[in-house]
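The primary structure of each chain is shown beneath.
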Amino acid sequence: MHIPFCLSKCSYCDFYSLPTDDAELFDQYSSCLVEELTRRAADYRLPFASIYLGGGTPSLLAPKHIERIIDTIYKCYQAGNDPEITLEVNPATVDRQDLEDFRRVGINRLSIGVQSFINRELKILGRMHDSQQASQCIDWSHQAGFDNVSVDLIYGIPGQNKEDWLASLIQAVNHEPQHISTYLLQLEPDVPLARRIVSGALAMLNDKEESDLYYLARDYLLEADYQHYELSNYAHRDRKSQHNMGYWGVCPYLGVGVGAVSFDGRQRSMNSPPLVEYLIALSHSVLPRRQILETMGRREQLSEALVMGLRLMEGIEPGALCRRFGKDIWRPFQVTIDRLASQGLLVVEPDRVYLPPQVYFISNAVFREFVD
Amino acid sequence: MQERIRNFSIIAHIDHGKSTLADRLLQITGALTAREMREQFLDKMDLEREKGITIKLQPVRLNYTARNGQTYILNLIDTPGHVDFAYEVSRSLAACEGALLVVDASQGIEAQTLANVYMAMDMNLEIIGVVNKIDLPGAEPETVKQEMENVLGLDQSEIISISAKLGIGIEDVLEAIVERIPPPKADLQGEMRALIFDSYFDAYKGAISYIRMDSGELRKGDIIRMMSSGKDFEVTEIGVLSPFMTAVESLKAGEVGYLAAAIKNVTDTKVGDTITLAANPARQPLEGYQEVKPVVFCGLYPLENNDFERLRDALEKLKLNDSSLVYEPESSDALGLGFRCGFLGLLHLEIVKERLEREYDLTLMATAPSVIYRLILTDGTEISVRNPSHWPDAQRIGQVMEPFVKASIMVPNEYVGPIMELCQEKRGQFINMEYLTPHRVVLSYSLPLAEILVDFFDGLKSRTRGYASLDYDMRGYEASDLVKLDIMLNGETVDALSTICHKDKAYYRARALVERLRRIIPRQLYEVAIQASIGNRVIARESVKAMRKDVLAKCYGGDITRKKKLLEKQKEGKKRMKQIGRVEVPRDAFMSVMEIDGDKKS
Numbered sequence: 001m002h003i004p005f006c007l008s009k010c011s012y013c014d015f016y017s018l019p020t021d022d023a024e025l026f027d028q029y030s031s032c033l034v035e036e037l038t039r040r041a042a043d044y045r046l047p048f049a050s051i052y053l054g055g056g057t058p059s060l061l062a063p064k065h066i067e068r069i070i071d072t073i074y075k076c077y078q079a080g081n082d083p084e085i086t087l088e089v090n091p092a093t094v095d096r097q098d099l100e101d102f103r104r105v106g107i108n109r110l111s112i113g114v115q116s117f118i119n120r121e122l123k124i125l126g127r128m129h130d131s132q133q134a135s136q137c138i139d140w141s142h143q144a145g146f147d148n149v150s151v152d153l154i155y156g157i158p159g160q161n162k163e164d165w166l167a168s169l170i171q172a173v174n175h176e177p178q179h180i181s182t183y184l185l186q187l188e189p190d191v192p193l194a195r196r197i198v199s200g201a202l203a204m205l206n207d208k209e210e211s212d213l214y215y216l217a218r219d220y221l222l223e224a225d226y227q228h229y230e231l232s233n234y235a236h237r238d239r240k241s242q243h244n245m246g247y248w249g250v251c252p253y254l255g256v257g258v259g260a261v262s263f264d265g266r267q268r269s270m271n272s273p274p275l276v277e278y279l280i281a282l283s284h285s286v287l288p289r290r291q292i293l294e295t296m297g298r299r300e301q302l303s304e305a306l307v308m309g310l311r312l313m314e315g316i317e318p319g320a321l322c323r324r325f326g327k328d329i330w331r332p333f334q335v336t337i338d339r340l341a342s343q344g345l346l347v348v349e350p351d352r353v354y355l356p357p358q359v360y361f362i363s364n365a366v367f368r369e370f371v372d
Numbered sequence: 373m374q375e376r377i378r379n380f381s382i383i384a385h386i387d388h389g390k391s392t393l394a395d396r397l398l399q400i401t402g403a404l405t406a407r408e409m410r411e412q413f414l415d416k417m418d419l420e421r422e423k424g425i426t427i428k429l430q431p432v433r434l435n436y437t438a439r440n441g442q443t444y445i446l447n448l449i450d451t452p453g454h455v456d457f458a459y460e461v462s463r464s465l466a467a468c469e470g471a472l473l474v475v476d477a478s479q480g481i482e483a484q485t486l487a488n489v490y491m492a493m494d495m496n497l498e499i500i501g502v503v504n505k506i507d508l509p510g511a512e513p514e515t516v517k518q519e520m521e522n523v524l525g526l527d528q529s530e531i532i533s534i535s536a537k538l539g540i541g542i543e544d545v546l547e548a549i550v551e552r553i554p555p556p557k558a559d560l561q562g563e564m565r566a567l568i569f570d571s572y573f574d575a576y577k578g579a580i581s582y583i584r585m586d587s588g589e590l591r592k593g594d595i596i597r598m599m600s601s602g603k604d605f606e607v608t609e610i611g612v613l614s615p616f617m618t619a620v621e622s623l624k625a626g627e628v629g630y631l632a633a634a635i636k637n638v639t640d641t642k643v644g645d646t647i648t649l650a651a652n653p654a655r656q657p658l659e660g661y662q663e664v665k666p667v668v669f670c671g672l673y674p675l676e677n678n679d680f681e682r683l684r685d686a687l688e689k690l691k692l693n694d695s696s697l698v699y700e701p702e703s704s705d706a707l708g709l710g711f712r713c714g715f716l717g718l719l720h721l722e723i724v725k726e727r728l729e730r731e732y733d734l735t736l737m738a739t740a741p742s743v744i745y746r747l748i749l750t751d752g753t754e755i756s757v758r759n760p761s762h763w764p765d766a767q768r769i770g771q772v773m774e775p776f777v778k779a780s781i782m783v784p785n786e787y788v789g790p791i792m793e794l795c796q797e798k799r800g801q802f803i804n805m806e807y808l809t810p811h812r813v814v815l816s817y818s819l820p821l822a823e824i825l826v827d828f829f830d831g832l833k834s835r836t837r838g839y840a841s842l843d844y845d846m847r848g849y850e851a852s853d854l855v856k857l858d859i860m861l862n863g864e865t866v867d868a869l870s871t872i873c874h875k876d877k878a879y880y881r882a883r884a885l886v887e888r889l890r891r892i893i894p895r896q897l898y899e900v901a902i903q904a905s906i907g908n909r910v911i912a913r914e915s916v917k918a919m920r921k922d923v924l925a926k927c928y929g930g931d932i933t934r935k936k937k938l939l940e941k942q943k944e945g946k947k948r949m950k951q952i953g954r955v956e957v958p959r960d961a962f963m964s965v966m967e968i969d970g971d972k973k974s
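Same order as they appear, the protein sequences are chains A and B.
Numbered according to my numbering, the first sequence spans residues 1 to 372.
Numbered according to my numbering, the second sequence spans residues 373 to 974.
Please note: incorrect hints may appear among the correct ones.
[As the list claims (entries may be wrong)] Straight-line Cα separation of at most 27 Å, DSSO-like style, residue types lysine-lysine; simulated pairs: (1) A/Lys208 - B/Lys947; (2) A/Lys9 - B/Lys935; (3) B/Lys943 - A/Lys208; (4) B/Lys917 - B/Lys947; (5) B/Lys642 - B/Lys577.
Everything labelled a hint here was simulated from the structure, so no lab data went into it.
Start from the sequences, fold in the hints, and give me the full structure.
This is the structure in structure tokens:
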């Protein structure tokens, strides 16, 4: 579920979101989400395994909004077994009471956008909170009773050295979150931070430095008893993100909200911006316009299953894919797998194929070989 | 009727406004309506319009009613202005009785123009001097006229001042053509003879020849004979270009037009050949053209190995439009099957490569251009080497000779110093210097052709702010101390990257070369060692460090389509690379080994 509002845009963000704090707009948008959920229910009969409220800054919505949304989902859709319900939280937007309320209305997992515990870095990133607020937010979430909390961290920030990165990692681990995501700062050309780079005011790290930070995080988090289960994600005691596991397993999903993408196993489509069109449509009980992003044939579906599946450290199961897609479609991919294995870019075991760790940070070299 | 035909060419340096003048002539004589008018009409190829130069001449017929009330047929045969295409100028001139010499009013005569005017004078053509661009701020038409009189002996008072751009003086030019250029000496009664001065391949009509009728008359349906091969063909269409193809029933002596005869085989219409009638053949062919000999060679290879046959077909077709192109199959360990092609110069090479890629949808790799070297081996045999990878081992070589040219460089005298420096760097030997006017000189140097190929033109341009012009003639072979420079990638010699260079420059070149390759070879999964060697001795080395980062940090539901597109785009980029051993090399790397010297200055 996409909530396209933020108090202000971060300097590195190119997602669809609008800076606003207009409570009335949040009200109206929540109603539209409810309306969309209700109207689409007929087409989505599978039980859901997870709900993810992302953005933007979904924690800008009031608990009562979230409550209506979750209630609607339970009313109109069939729930799977103990679904994971995640809310993305910006530490600048919540207090302890909010977190307690979120938990009360059904949220059972938080993904907290900490990004860094170093104020200089938070400033560069254009975050509205400081390190102290981020710490407090994690503490509150535990106090509110959340036992499944994820912390997002960013590395590759201009000026960041190994010590800085390690300091953020240590602070994160000290708060004992169940899950940590570490994201390399990768800028689209039109975001504000990219312009500061182009102007020469700031410099990105070089490839080697970024690679070193990546493997530093991996070494440290493995040591701290986190499982590295996806290129950028770590889980403690197997608390992987169920929702994201669905993406990497190429499962179908329903996207709700403006800019949200849905996938039925074959086709991806997006609720087209702009926001105003979305609001008007649903206020008049019309489903928002959907724009088809891609339609895949069998071969492309398999190609995607490989590219997404190999992001997981456990890799893919060739036997299962071969059975699912048929020998004829599978065969050329097997040839590619064998070639990559002979170059040391893949590890092939009888029932699994996966990336060796030294390839993680150059994994596009592998993924490229599976796309057309 | 023949009395009212005028056949003429335009001789001009690049940018002196020849094509603009041609456009004006077309417009003023009503050959083109305003709607059909587009800039540089006679520059048929897109390539020509893009580069702003004329490569390929296209004849055109104009009807002009002169001030004396008579209507004349003016056949304009456009000419290329670049030194590479001097032979096409000579072809055009052979079909004419006169030539317009167009000179830029602020630039003065250029070396290449001078050479072409001398050629026209040798062929007894009437020269009409025209000073163009008199509207420009820096124009000095009187000085330029003075120069034309001093250098070429034209009568200043007969030189016409015009601005082709603004349409000033165009009628005076047309009147001069009518009054001063003689009509063709046409023998209407004699045996039919026509000279093929150009030809091209048309997918529907077969080979189309541009012809200049010398004597007799040619009709549609006639059986013609190619005098060089003796082959006969039935004429399916003849016509004139006014400027679009317009079919006519017959062409008479003195006229210029085109001919189609369902000629399928591209080699059957040889430029310079004489056409006669099979029923009443002429005894003597017309004086043809000297066959042009290519001086620059390079290997052209399809990026996709299975495009080899398509490349062969494309070369065959192109050869019809371009008789100076020669090619023979060759193979390279690094690049697979391809052709060693011969060209008149670098521009010619570039144009052929671009046309092959555009018109025949091929993706090509070109190796570094090379001249033909003559080697006397220690066992006394003499061999020619036009592909550096065929260079024998040093111990088998007795003597090496390379082609030299006599270069004439025309330049304002304040630039003599920089030009002399350039020529010295290029291993030139001074011949002499002559004053054309108190301010302009011609410097003559003997230079290795190979040195002119590298970046001589760029050097001239940058050191004289564009005021120098160059012309050159082949002089013959002279002994030189040359060596073969090899490039190794991860220890494997890449034959397609070998070049020949002078011993004294080998170290510098080797350094520049490995440095350049280091910059253009992208990072790969493994470190790539780049070495330059002479024989077994490595004289320069660099390395491309292994790739460290190539990752998509985030890949979630809303973003998957976009991330996959990114991967596809990256893969597309890879396809433009050539895999050599384990190393992926950009396809233009092979050509770029020649651009070394240019790097240093820029």
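Tested hints:
| no. | hint | verdict |
| --- | --- | --- |
| 1 | A/Lys208 - B/Lys947 | 26 Å, holds |
| 2 | A/Lys9 - B/Lys935 | 22 Å, holds |
| 3 | B/Lys943 - A/Lys208 | 23 Å, holds |
| 4 | B/Lys917 - B/Lys947 | 21 Å, holds |
| 5 | B/Lys642 - B/Lys577 | 17 Å, holds |
In summary, this structure violates none of the numbered hints.
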